[in-house]
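Taking the hints into account, I'd like the entire structure generated from these sequences.
Number of protein chains: 2
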Amino acid sequence: MTTITINEVGMRDGLQSLQAIMPTAAKYEWIDAAYAAGVRHMEVASFVPAKLLPQMADAKKVVAHALSYPELVVTVLAPNLRGCLDALESGAHRIIAPVSVSAAHSLANVRRTPLEMVAELARMCRLRDEMGLLSVKVIAGMSVAFGCTLQGDVPLADLCEITRHVLDAGCDQVSLADSTGYANPSQVATTLQAVRAIAGERLRSAHFHDTRGLALANSLVAVQQGITELDASLAGLGGCPFAPGVSGNTVTEDLVFMLNSMGFNTGIDLAALIASRDLLSAALPDEQLFGCIARAGLPLNYKPAVECQPLQIGQIEGIRNV
Amino acid sequence: MTTITINEVGMRDGLQSLQAIMPTAAKYEWIDAAYAAGVRHMEVASFVPAKLLPQMADAKKVVAHALSYPELVVTVLAPNLRGCLDALESGAHRIIAPVSVSAAHSLANVRRTPLEMVAELARMCRLRDEMGLLSVKVIAGMSVAFGCTLQGDVPLADLCEITRHVLDAGCDQVSLADSTGYANPSQVATTLQAVRAIAGERLRSAHFHDTRGLALANSLVAVQQGITELDASLAGLGGCPFAPGVSGNTVTEDLVFMLNSMGFNTGIDLAALIASRDLLSAALPDEQLFGCIARAGLPLNYKPAVECQPLQIGQIEGIRNV
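Which chain is which? The protein sequence lines are C and V, in order.
Quick note: the first sequence uses this note's numbering, first residue 1, plus one each step.
Quick note: the second sequence uses this note's numbering, first residue 323, plus one each step.
Fair warning: there could be bad hints in the mix.
[Unchecked claim] Below 20 Å or equal to it, Euclidean Cα-Cα: the simulated SDA-like pairs (lysine to any residue) are: (1) V:Lys382 - V:Asp408; (2) C:Lys137 - C:Arg123; (3) V:Lys625 - C:Leu156; (4) C:Lys303 - V:Tyr357; (5) V:Lys625 - C:Lys60; (6) V:Lys625 - C:Thr190; (7) C:Lys303 - V:Thr471; (8) C:Lys303 - V:Ala511; (9) V:Lys625 - C:Ser186; (10) V:Lys625 - C:Asp153; (11) C:Lys303 - V:Leu478; (12) C:Lys303 - V:Lys459; (13) C:Lys137 - C:His165; (14) C:Lys60 - C:Ala25; (15) V:Lys625 - C:Pro155; (16) C:Lys60 - C:Pro49; (17) C:Lys61 - C:Thr24; (18) V:Lys382 - V:Tyr357; (19) C:Lys303 - V:Thr512; (20) V:Lys459 - V:Thr512; (21) V:Lys459 - V:Ala511.
[Said to hold, decoys possible] Okay, the calculated bits of chain C under chain V, using three or more residues with CB under 8 Å as the criterion: (22) 9–22; (23) 204–213; (24) 253–260.
Everything labelled a hint here was simulated from the structure, so no lab data went into it.
Every residue gets a Cβ at the ideal spot worked out from N, C-alpha and C, and that includes glycine.
Right, dumping it as structure tokens:
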């Protein structure tokens with residue numbers, strides 16, 4: 001039975017996109033509930049200036065809370081060297097650095113060209129090494145890898161070129177992100193094959209958005225292409241604040257329903273995961289919650305591949321290396 | 323380039339599930355708009371007693387309107403011999419007879435066991451032959467083929483057995499329907515392979531519901547497995563009246579977005595199709611419209627495989643035989 005790792009990114013990518021700021025205590029509750037449901041990978045915060053993203057001002061505390069679970073693999077986002085230093089000091093296990101493949105998006109988002117961002121990534125990897133924190137993994141998050149709301153097409157040749165650069169810069173892992181919800185299943189297959197030819201086993205994760213309804217179809221193709229780690233957000237949190245009703249990240253519980261039903265092992269108790277949406281309703285009463293399985297309910301004959309099996313502490317190194 | 327036929331079933335499966343009754347004139351407008359957008363297959367009505375389904379009381383008129391387009395392949399549903407006679411007299415090109423694979427569902431839905439329904443299907447095929455209407459195709463619509471809200475599992479062995487019977491009964495085509503939104507992508511692949519081994523080329527169409535968010539992923543797998551005709555409903559019309567917010571049929575415009583983006587030829591102008599949702603809002607103001615692409619808008623770099631190419635009258639026989 002194939003294990004697919006679900007990386008819950010709602011506490012980072014979801015909350016970061018909202019106008020509302022979730023109280024720190026509610027973030028703790030969310031981490032607790034996700035953990036209790038069997039989620040063992042979470043991206044819990046961004047290390048960015050609180051002036052720019054007040055939603056992430058409590059990043060250090062949230063990471064510390066997540067680290068109180070010895071079996072949890074804790075990922076944080078850091079867009080630059082300063083954020084990376086904070087991330088390394090926080091004790092997080094993995095740091096994801098966004099590298100926009102679209103020049104237009106990169107300049108708009110981090111005021112750097114893609115190659116300038118690659119140079120920053122190289123500095124981040126060196127900092128990690130100099131601090132002797134070799135167990136911390138640096139992930140290059142290839143943003144806007146499938147199309148850009150500013151420049152339209154993102155040529156596959158550009159993605160391949162920047163992938164070579166981020167690997168040379170020393171990152172441990174490459175993740176492809178459809179930040180704009182532009183990807184289609186054929187493109188996902190073609191793109192993953194091309195990037196795998198360059199990155200090999202260092203490509204194992206992907207991040208889709210459900211903006212245009214294709215998150216699950218794209219996730220399915222990614223799994224068919226050998227991807228074993230998928231990002232998702234509880235209730236699809238992270239819709240665009242400028243387009244009400246337009247959904248955001250892959251809905252975690254819908255993705256888990258699909259994978260568990262197909263016989264993959266996610267280790268996640270779907271009923272518990274669905275129940276955890278209640279804390280979002282309570283903490284973010286004005287936000288729209290997306291997702292189908294929570295509204296429709298589980299099928300009468302739903303049989304997950306495996307029941308949620310809380311992992312033992314001894315297994316943690318194995319998980320972190322997945 | 324592979325052509326995938328989209329069969330718009332909203333006028334039948336969508337409207338049939340609603341409390342509201344769409345005025346006949348609005349049904350005409352819908353057919354006109356779908357046709358103008360390039361849709362060339364529509365399931366436009368059910369021939370059932372008006373007392374049971376007042377939404378379908380104008381079936382004969384609606385079929386006549388659809389038949390005014392010489393290039394349109396017009397399908398109707400008939401659950402019994404009486405409905406089949408009306409359907410044959412209406413001039414429709416294809417008649418779909420629902421055969422529930424679940425005994426519990428079959429008894430609840432048509433008050434017949436699956437094998438009693440197969441016997442009725444055989445009578446329908448004989449009637450068609452006796453009336454000399456050999457060009458009319460009879461489709462066995464295998465309902466609840468992937469799981470049942472009453473009995474839970476629907477064993478694949480049962481589906482295979484009933485498939486053999488409907489083929490023996492003389493149907494021209496077999497369509498598998500996930501009437502309950504229970505199917506998952508692995509199951510779709512396995513099931514299609516098993517039924518193809520029995521039905522061969524007579525299995526070429528499938529019908530999914532998006533109840534649990536998997537309609538597009540299941541449609542994708544169906545296409546990967548050689549299915550070339552997919553049912554869908556504009557705005558996903560046909561949600562369950564007892565579960566507000568729970569989506570119904572595959573959303574036509576989201577399916578067309580996926581397939582057109584992947585390079586398949588649907589012949590459908592997506593922008594025109596999306597615009598046609600307005601007539602649903604006008605005619606059914608209280609109904610929730612589902613779907614992602616209409617809310618999010620087309621990607622900046624959206625390029626359909628082909629522009630909508632209105633078909634010529636000479637092509638119609640070829641289409642009808644697809």
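Evaluated hints:
no., hint, verdict
1, V:Lys382 - V:Asp408, "holds (8 Å)"
2, C:Lys137 - C:Arg123, "holds (14 Å)"
3, V:Lys625 - C:Leu156, "holds (16 Å)"
4, C:Lys303 - V:Tyr357, "violated (42 Å)"
5, V:Lys625 - C:Lys60, "violated (44 Å)"
6, V:Lys625 - C:Thr190, "holds (17 Å)"
7, C:Lys303 - V:Thr471, "holds (14 Å)"
8, C:Lys303 - V:Ala511, "holds (18 Å)"
9, V:Lys625 - C:Ser186, "holds (14 Å)"
10, V:Lys625 - C:Asp153, "holds (10 Å)"
11, C:Lys303 - V:Leu478, "holds (16 Å)"
12, C:Lys303 - V:Lys459, "violated (38 Å)"
13, C:Lys137 - C:His165, "holds (17 Å)"
14, C:Lys60 - C:Ala25, "holds (13 Å)"
15, V:Lys625 - C:Pro155, "holds (14 Å)"
16, C:Lys60 - C:Pro49, "holds (12 Å)"
17, C:Lys61 - C:Thr24, "holds (8 Å)"
18, V:Lys382 - V:Tyr357, "holds (19 Å)"
19, C:Lys303 - V:Thr512, "holds (17 Å)"
20, V:Lys459 - V:Thr512, "violated (27 Å)"
21, V:Lys459 - V:Ala511, "violated (26 Å)"
22, 9–22, "violated (count 0)"
23, 204–213, "holds (count 4)"
24, 253–260, "holds (count 3)"
In summary, the numbered hints that this structure violates are 4, 5, 12, 20, 21 and 22.
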